[in-house]
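J.: The chain contents come next:
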Amino acid sequence: MAVAAARAPSAEVTDNLLAVRDLVKHFPIRKGLLQREVARVHAVDGISFDVRRGETFGLVGESGCGKSTTARLLTRLLAPTSGSVVYDGEDISSWPERRLRPLRRDVQMIFQDPYASLNPRRSIGTIIGEPLRLLGVADGRERRTRVREVMERVGLNPEHFNRYPHEFSGGQRQRIGIARAIVLRPKLIVADEPVSALDVSIQAQVLNLLQELRDEMGLTLVFIAHDLSVVRHMCDRIAVMYLGKIVELAASDRLYTHPRHPYTGALLSAVPTVHAHPGGRRRRVVLEGDVPSPVAPPPACRFHTRCWKCQKVCTEVEPPLEPKGPNDVAACHFPLSEGEVDALIDRPAE
Amino acid sequence: MALLEIDDLHVSFKTVDGIVRAVDGVSLSLDGGRTLGIVGESGSGKSVTAQTIIGLTRFPNATITGQIRFDGRDLVSMPTDDLRGIRGARIAMIFQDPLSSLHPFYRVGSQIVEAIRTHEDVSRGTARRRTIEALRSVGIPSPEERFSSFPHEMSGGMRQRVMIAMALALRPDILIADEPTTALDVTVQAQVLELIQALRDDFGTAVILITHDLGVVSQMADDVAVMYAGRVLEYAPREELFAAPEHPYTWGLLQSIPRLDAPRTERLSPIAGSPPSLIRVPQGCTFHPRCPYAPPPAFEVEPELKESSPGHLVRCHLPVEERKRLWQSLQHEHPALR
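As you go down the protein sequences, you meet chains A and B in turn.
The first sequence finishes on residue 762 if you use our numbering, and the numbering steps up by one all the way, no holes.
The second sequence finishes on residue 1483 if you use our numbering, and the numbering steps up by one all the way, no holes.
Any given hint could be a false lead.
Where chain A lies over chain B, by a calculated footprint (3+ residues, C-beta under 8 Å) [what the hints assert, rightly or not]:
| no. | region |
| --- | --- |
| 1 | 1323-1332 |
| 2 | 1355-1362 |
| 3 | 1399-1406 |
Worth flagging that the hints you see were computed from the coordinates, not collected in a lab.
Note that the Cβ used here is the ideal one computed from N, Cα and C, for glycine as well.
Let the sequences and hints guide you as you build the complete structure.
T.: As structure tokens, this is what we get:
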């Protein structure tokens, strides 16, 4: 089981491309003349997981759960408050920027907003070729050739090399972002909500493209999204996050048929699915209230303020992330029974 | 007679790039107490159709033709002053982003009081009582205290509840909800959808629900219109639309979404290409450049929206039998569509 949180990260090469241990990121809130720290946003609050070579690992959760901060910690666009990120046997969590540069060849990121993540004053050929230039991988004609190849591969017309981002639609811009991410032939891509801003028909095109590239290039993918059906479609294993913690981590098929954590059950239950037949509509569990503020997360189990199964112990003792079934770990004192799952969701066929 | 009848509505905007034909011949009707779902991607004309109902598209560069009949009057030709009496009071609208629909400087309670007193001659005290009642009915905890909150002090879900409370304080006949849950998390979306459903059932308010999410439509709507490039391509009762859709675009949408209630598939089957520009809409059937089944006439002549079975309208040149056969073979190929 790859999720054993207790196991110490080792420097030897393993099946895991990425090993995350007790990762924490707090953002201080400062006030007053002396800019004293008055509070902290507990964005990511002690998470551990492994990402295996060649797998697609999903992170799901609602806004404020810390999934995007996690993405930025994995790619070291942010430095963690504490904890470790071991990439390919080396702990990169405290590397200075200079040392991180060569790593950028291996680890790339795709962003949600294809409008904000592309420089409007650069031609797309320049944008896609930028990583090659920055890392001194290819120059002049060679660079142009490689950019054209990549453009062709992601479904952009290489003749549009000199056009600017505003001349492209949202779907095409996301292809530009993908081209920029794969031009260095990375090993790991972290995709943060890559299709959330796209229309349904375009979303499917981009998901297919990501799957094809993953298979062709042997990529390892960390896929972050709030859309549970998209995550299931893409991922082999999935971690569900709530208020900076992982509450459940399971193989994709397992998570959607046998959710153990009440929050996972509630999330799945809340997704409106397409039903042709009137009898298909099931009573949903509707969680009360909103997600509490990550500035002052509830003590013990963070979900206890919204959980319908909450008991006294849930408000006093934090449940550890521990095995609750085959290929499934969850952090809950009172995991869902099979009967409760039946009442919550229409289980998809496995 | 229907509560609201949209008849051959055209809305176009003159821009520097050319004329944008946002809505191009839309006819729809809505009965009391029913929910009409309008689905489509960006640029399909679903929001412009809804905004035109309450006169929000009356810009200097806009040309609006056709009729929208409500309560024996035509809303398209109605003077803006008269329309103001209907907007809010008889037909209310909520938007995707509640933060931009609420005034940031005023307390939420006073904004609802103002809405009530604009349309009805009641005292400040009565309006305040009704506001607190409305806030309570949409599930806002301790409404007396929340009355004095500013919009920025509330969460997204809470603000959308305030918008719904404001929309319903005047007991409108119709609630138009334009992507009401798109900006919300899935658990909060479930709360808001449940609320809209409950209010429809309790007060008999008719609802026009505009969304890009087929799941939301499937859960909420009685009838569904699928829009593309300013037109309705298919219209049917919900069960029929999802069990036996007849337009290739509807099939494409259904094939594009990963399904939670079906086995995982290797690859999705997306619709090829991208939606057309509304300045240069393709000749013939607007969907033909992306349609794998387009028969020769689709390249030249635009098909009409015709009834294929009672209550089921389709804008497609393919013969009905052919469409039924194609859908069956698609279901055979993709178990998720069954």
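J.: Does each hint fit the structure? Answer for all of them.
T.: Hints and how they fare:
no.	hint	in the structure
1	1323-1332	holds (count 3)
2	1355-1362	holds (count 5)
3	1399-1406	holds (count 8)
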